[in-house]
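Student: These protein sequence lines map, in sequence, to chains A and B. What the first sequence shows, in my numbering, is residues 226 to 522, in sequence order. What the second sequence shows, in my numbering, is residues 73 to 413, in sequence order.
Wrong hints could be hidden among the right ones.
What the hints assert, rightly or not - Quick list of simulated restraints, FRET-style, between CB atoms:
hint	chain 1	residue 1	chain 2	residue 2	range
1	B	Gln-85	A	Arg-496	55 to 63 angstroms
2	B	Ser-379	A	Pro-343	52 to 60 angstroms
3	B	Ala-408	A	Ile-427	45 to 53 angstroms
4	B	Ala-408	A	Ser-412	46 to 54 angstroms
5	B	Arg-75	A	Ser-412	26 to 34 angstroms
Bear in mind the hints are in silico, worked out from the structure with no lab data behind them. For glycine and all other residues, C-beta sits at the position ideal for the given N, C-alpha and C.
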Amino acid sequence: MSDASTRIMPTTPALEAIGVSKRYRRTGSWALLDADLEVPEGTITALVGPNGAGKSTLIRTWVGFERPTRGLVRVGGIDPREDRAGAVARIGYVSQSTALYRGLTVGEHLTLARTMRPGFDDEAAQARLEQLAIPLSQKAGSLSGGQAAQVALCIALSTGAPILLLDEPLAALDPLARHDFLNLLVSAVRERGATALLSSHIVSDVEAVCDHLVVLGMGRVTLQAPIREAIAEHRLGPVGSMPAEQTVATFARPGGEPIALVRSSDPSLPRPSLEELVMGYLAAARSGAASSDRRAA
Amino acid sequence: MLRAAWLTYRMHQFEVLVSAILMTVLAISVWIVSSHVTSLDIAGTCWAGDRISRQPVCESFREIARSEAGYAKAGLGLVGPIVGLILGVPIVAREVELRTTSLAWSLTPHRGRWLLSRLLPMLALAVAGFVVLGWLGSGLFEAMEVGPVSPSLTEVASQGPTLVARGLMALGIAVLAGAVIGRTMPAFVVAAVAVIAWSFIGVPAVQQSMFADRAVWTDDVNGYRDGIGPLGTVASGEFDTSIPGVDGEPGARFDYEAFNRQQVEMCGQPPEETVFNDTPEWRSWQTCAEQFPYPEDMYWNKLVLASTYPDFQQAELAVDGVIGGVAFLLTFPVVARRRPS
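All chains, please: the whole structure from these sequences, using the hints.
Tutor: Okay, here's the thing in structure tokens:
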């Protein structure tokens, strides 16, 4: 974990979501429910949640690919619905399924980016790709999943955008490719003082590089905090040992042992790992949704 | 700009290659057929001289009209819509289908400019090809339509600016269908159905409505070229517009005497003898012998004079232009609002 959580928080968030709900007309299901979220400028924030939690939907609303059914999103203070060009100009985006033009070479992708994005830094992109040993003459269709993700990240970084939105870019990568990807991301973001939001459903992937955490479960934001603070303010305890109002949720550890995640700074209780913290909040979201369903029934 | 155009061609290289080959092969074919027909000197040889000496030329002309010129004309009629569909559908649909729009639309602050950067190179290719083919098509029709042979309304979009307009209209419909549907094959089918429906239902409907004002009843079909249903055009010189038509309205009647005089002058005998003694299956494009029913077997048709043909071409141009233009314009808000996948 980095030390970035100790930095002074700027007043203007890089990304905001205010009461955002999104319902897909085709399926009728709600992907997001009154999601409130702020991503501080200059942070690397992990957006964590299980598959179907609404991570991609939330990111896509910031890029202007989705319109919230209710609520408001802002990118650097700009509402993409009112000024999509302004919002997109502030964003570098890597999509969940890295889609490059299979028939074009890597070099042609850089040319394409240069023609579409004013200020695209072609030289920086080439230098990064050279470091990664990805030839510019190679066709995108012949790149491995890891290489394609690296190319997409290089393009996003070379836009010079102050905000990077990375939608599960690690999902299809092997451990070495993940390591390379995260190294490239962290060095570039720190170098430029940019803000990055990295979504993943694998906590261990983001633990090493992120300083902020957002947990999204069942379409709701259940936790958002600097990772250090979040861990410091929670403890693990035997089920039923703590007052109900302090208990976030009970969940089963990998061995099957039930345990409670509680809001407490009691030094006698063990601190949760990041994974346990996330597990607790996801369990809370699930039980909250279940009780809502029961009430509705 | 040139770099963006080159990349667009690279992205759609299969469609670009297929379209370029299709248009080039057709252009060369039309040019060869036109040269062949021109070299026969139909007007000078088949329409003049004695019957024996002109017979081989007329036979050659008939053969060409039936075979290669027929294929070339059919190709000219189809090439605009086909190339329009091939080039137009994948411009947006392929990118949505393969999800490359996620990359492109996150890079470009203005989707309208992105669409233009994809659209303009394809339009440039289509316009260049269609203009050349339209010009060559006009040459072919000019070479074929000599003497009293009149132009056919079904072939109105196989030559000149109307070929360009029909092709661009198809391209516009194809781009819009691709943007709305976001899948290449379904969009291709929908756009093809729309273009076919327009060509075979919409165009005749427009022509019919124009006919209402201009058509005249006639009791014969000299110079008549089949349109769809009762539509057709006739050469103007053989009608006496002072005689009322069968419906009692002022119209044109076929002037037998003038026709017979012309036939005797050109063929050396009245048309009845020419037709029924020689080759009754001959059609109107032939010069010296027309299918010519006897007066008691006459059937009546509503025809327009060939001099009004440019009006039909202009109507086709205008309507194709409006449909294509609206389709292109509608694509912009569709792209601006749609999800990338």
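Student: None of the hints should be skipped; say for each whether it holds.
Tutor: Outcome of the hint check:
1. B:Gln-85 with A:Arg-496: 55 to 63 angstroms: Check passed, 58 angstroms falls within 55 to 63 angstroms.
2. B:Ser-379 with A:Pro-343: 52 to 60 angstroms: 56 angstroms, holds
3. B:Ala-408 with A:Ile-427: 45 to 53 angstroms: The hinted range 45 to 53 angstroms is violated for Ala-408 of chain B and Ile-427 of chain A, with Cβ atoms some 35 angstroms apart.
4. B:Ala-408 with A:Ser-412: 46 to 54 angstroms: 36 angstroms, violated
5. B:Arg-75 with A:Ser-412: 26 to 34 angstroms: For Ser-412 of chain A against Arg-75 of chain B, whose Cβ atoms are near 30 angstroms apart, the range 26 to 34 angstroms holds.
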